[in-house]
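Can you build the whole structure from these sequences, using the hints too?
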Amino acid sequence: MTPRGSILSARLTRVAAPMLLAALALSACSDDEPKSVPSTSTSQTPSATPTTTSPSATPTVTQTTSTTPSATPTPSKTTPPAATATPTVTQASCAASRAGAVNTKGMTAAAASKAKKIMTAAKACDAKTLITLAKADTTGLAGDKAPSAIFTSSTPQNFVALATLLTLEPTETFDGTIQPKVFSERYAQDDAEWNKVVAAGLLTKAAATKMRQDDGGYTGYRVGIAGDGTWTFFTSGR
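Residue numbering for the sequence shown follows the numbering used here, beginning at 1 and increasing consecutively.
Among the hints, a few may not be true.
To be verified - What follows is a list of derived Cβ distance ranges for each label pair: (1) T155 x D190: 27 to 33 angstroms; (2) K117 x G237: 23 to 29 angstroms; (3) A110 x K205: 23 to 29 angstroms; (4) G237 x T152: 34 to 40 angstroms; (5) A109 x T167: 15 to 21 angstroms; (6) Q213 x A109: 39 to 45 angstroms; (7) D228 x K205: 35 to 41 angstroms; (8) S148 x G217: 27 to 33 angstroms; (9) A109 x T129: 27 to 33 angstroms; (10) S153 x G217: 30 to 36 angstroms; (11) T132 x G100: 20 to 26 angstroms.
Because the hints were derived from the structure by calculation, they are not lab data. Remember, predicted model here, so these are calculated numbers, not experimental data. For every residue, glycine included, the Cβ atom is placed at its ideal position computed from N, Cα and C.
Below, the structure is given as structure tokens:
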């Protein structure tokens, strides 16, 4: 080789060597880059997973529902007192409940027993019991009406009159006792007995005077009970 060729070759070697080293360095860097990518993405993925705290919120909801059963017994405790008001309203609705005690003076034991049963039913406006008693004794009623027509919720005056009559002193007749005494022939013109009827509220003073003039005697409400305990009549009028 000529000296000139040797010089040119040496120069090429000097120029090529640095370029070759640079290429090798680049290839080494490109091999290292993929290794750093998975290490970064892997380290972030697990760290995000534990930060999810949704399971910890679930017990909080469970605790709030546990308070619901404690409120349930409260309505059940307030329910019973409501039922206690029913009997009071029922008794107050019967005007006959204000009547006094039954008067059994001079009655037989059987008659007195029946009078007490009638009085108890009348003061309670117990139509069912009165109807049963009247049917059993074939009691004579005003206008020959059936007991179910006399003792109804629309005829409170009959309960009041019956209870009031039984508070008056009875008088004996040939078939038992009657109330009031003024209905009997013996007391038909007795002013004191007429006044008792007025005081009891069965008649007004004016009505009593008119009745004595027009009817010649007492024709108002009256009740009779036989000595054997039969309820013979409860009526009014002639």
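For a quick check of understanding: which of the numbered hints are violated here, in increasing order? Going through the list in order, the structure violates hints 3, 4 and 9 and respects the others.
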